[in-house]
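Keeping their order, the protein sequence lines are chains G and R.
The first sequence begins at 1 in this note's numbering and counts up by one.
The second sequence begins at 1001 in this note's numbering and counts up by one.
Note that these hints are calculated values from the structure, not bench results.
Just so you know, not all the hints are guaranteed correct.
[To be verified] Pairs of lysine to any residue residues, derived as SDA-like cross-links and limited to a Cα-Cα distance of at most 20 Å, are as follows:
(1) G:33 to R:1211
(2) G:33 to R:1038
(3) G:129 to R:1022
(4) G:143 to R:1011
(5) R:1201 to R:1211
Being a predicted model, the structure only gives us computed values, none of them experimental.
Each chain, letter by letter, is given below.
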Amino acid sequence: MPHDHHDHDHPHALLPPDPALRVRALETLLSRKGLVDPAALDEIIDTYQNRIGPRNGAQVVARAWSDPAFRAALLDDATAVVADLGFFGRQGEHIVAVENTPNRHNMVVCTLCSCYPWPLLGIPPGWYKSDAYRSRAVREPRKVLAEFGVSLPAETSVRVWDSTAEVRYLVIPMRPEGTEGMDEAALADLVTRDSMIGTGLAREPGQ
Amino acid sequence: MSRVHDMGGRFGDGPVSPEPQGIPQLGQEWQQRALALTLATGALGQWNIDMSRRAREGLAPADYARFTYFEKWIAGLADLLVETGVLSREDLRGDGGEGDESPHTLAARVLKAADVAGVLARGSAADRPSGPAQAFVPGQAVRTRHPADSQLVEGGHTRLPGYAAGALGYVLRCHGTHVLPDSNAHGLGEAPEPLYAVRFKATELWAQTEHPGDEVILDLWQSYLEPA
């Protein structure tokens, strides 16, 4: 069996140790060689800091709460359904929606790295990428949920999805009580980022 | 034996710190640039996502533990750039000089600002039209291989976490045929295989569990599984 020879060769050590200097050195080098365009870097940053975020996923959830046929289609083939809404691309090539019920709470983690549905939720928050979340979410999800202020009743079992492949999971939180007359836009305001990862619940109206 | 990134189930990491809702802000400029550099250089087409993951998790355990998130990205990127021959060690050392810049052979592939939206929207699908026949059906009992280590490369990349090695589970659904990271991460070809969501009872995985009904679901390739 071949051995992973990269273990003995870590060229990154040739760069300056300070992270800011390290990144600048690499960007300067790559730009000088014509391999990156600084304007493209600005565009990528603007995309993920200002444009793509959890409002996208919240629209999907609000529609699933409002439209039974949409909900059924979403649970059947989320990739196609969210693509129709314009949500597709990098780190969202294959989407599966999983629905919370009184008997089942879903929660998503990536123990091996930090896989996350970027087109629906944007880039992941720091805690999602943290060692503490990655190590503990699979073994003690209820203690982790308690740290987010969430406590589940005894009749609710927890399903933790460890995203080990290129399939990205979107949690459909339960629709809060007292929201019967609300339209999709108002409902979307109740759908937090964390409720679509499964570390939170949707907001109650007026909360 | 596992690598340092394979931390599912590990003890001792302390509490999780929630953050405000909305779009997470990366804060410092270097973190933003590290994210953007990684995505932009990916467009040069010299590696795949499995190789990027392998580069990060192949960092020395001491570096993996002490580096913050985007430090891991930038270190992994520097290693990949040299491994794939895009840059040389002399380049990283700063010995390349600034006067002798003829265009890099890959410069024609540089990601332009106008193309960013298209490249991000296109993504990179992992499913493939054909591969080995599906061997398992939903509801079927399966057991994961033990040990979890790569079967293709000693110490190599795999997506079977150590905590789920040798465990009894039940197929929940088949996702279709997907590129096998164990092979693709080492440039050994895509080797697509059926990919399954497999359900494991928490009681199968952990000595102490919080609730008898709790479960963990993993996405696992066919070659990680045998009938149980």
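Going down the list of hints, with the structure as the test:
no.: 1; hint: G:33 to R:1211; verdict: 56 Å, violated
no.: 2; hint: G:33 to R:1038; verdict: 16 Å, holds
no.: 3; hint: G:129 to R:1022; verdict: 16 Å, holds
no.: 4; hint: G:143 to R:1011; verdict: 13 Å, holds
no.: 5; hint: R:1201 to R:1211; verdict: 10 Å, holds
In summary, the one numbered hint that this structure violates is 1.
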